[in-house]
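Here the protein sequences line up with chains S and D, keeping their order.
Taking our numbering, the leading residue of the first sequence gets 1, the next gets one more, and so forth.
Taking our numbering, the leading residue of the second sequence gets 1, the next gets one more, and so forth.
No farther apart than 20 Å at their CA atoms in a straight line, the calculated lysine to aspartate or glutamate pairs in the EDC-like style are these:
#1 S:Lys3 to D:Glu58
#2 D:Lys44 to S:Glu44
#3 D:Lys22 to S:Glu44
#4 D:Lys36 to D:Asp18
#5 S:Lys3 to D:Glu101
#6 D:Lys71 to D:Asp1
Read the hints as simulated data drawn from the structure, not as lab findings.
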Amino acid sequence: AQKITQTQPGMFVQEKEAVTLDCTYDTSDQSYGLFWYKQPSSGEMIFLIYQGSYDEQNATEGRYSLNFQKARKSANLVISASQLGDSAMYFCAMRDVGDTGNQFYFGTGTSLTVIP
Amino acid sequence: DTAVSQTPKYLVTQMGNDKSIKCEQNLGHDTMYWYKQDSKKFLKIMFSYNNKELIINETVPNRFSPKSPDKAHLNLHINSLELGDSAVYFCASSQTGTAYEQYFGPGTRLTVT
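Only chain D is shown next, with the shape it has when bound in the complex:
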């Protein structure tokens, strides 16, 4: 019973391609997130959705577009991939409230060649 799942786990693609990463959570949480972790392990918040509404939209190139069809799913579409997009992308979910931790998916390692 995976709590937060992401597909694919690995993604290797060429510059200029368009790709998507899917995320699903079965915890009943109302908030989902996308993070980018670079080679120095720094975790950068990209987007967050609360009940399908975009609530956090950090400074991210508009080539990145999130989409939340329902509370349990948050997908990330990336257009015109660049070398600098190579990173690990984590999906996470949480319930609203300062006492609740985030549950992370296993991560998607994106390599752009």
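So here's chain S without its partners, still in its complex pose:
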């Protein structure tokens, strides 16, 4: 089974609007971390936001927030007030204890395009 599922290969959003990028995960561990990364066309991988499995509040970092619904095993990224510079690939990732405690599982990514 896929550990991380991102069902939206591509998304479009109008500038200044909010957008939600979906992510569901699968783990039987109680302790795990959820991460979002941004990859602009320049290619670098940029860490955006982290949510711990025991965190009761949704994580926020500036215009990024993580909508964490533990029972549904979802960790959607919400970008508010979209900017042209938000156009990029976005990857959801999970890290659980697993066999080594050190493996990250990445989704297939969502390509976001912000329309002026």
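For chain S, the structure is supplied; the task is to place chain D on it using the hints.
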């Protein structure tokens, strides 16, 4: 002060050659990784080392051989390069623990002709 650095950034070579990519991190992390990102942007884990010990070794052709001389370095050597090896290779590092994110290097774009 680059956190995770990779050299070279671009690598163009012919089929059958042997090449190496070097990675260094100055974050004091105990775990380092190699990923391959294909043209569809899918990130595939290849190897991971924790304190110089190989802990993740995914199904990768044995033409790929990682080497970690110390905690701060993880190199990737590729023998007998094939066209299908063309991709972007990312090095990353992290501290052990589910709360720690990975820091990625800038990537090495390998093109095999």
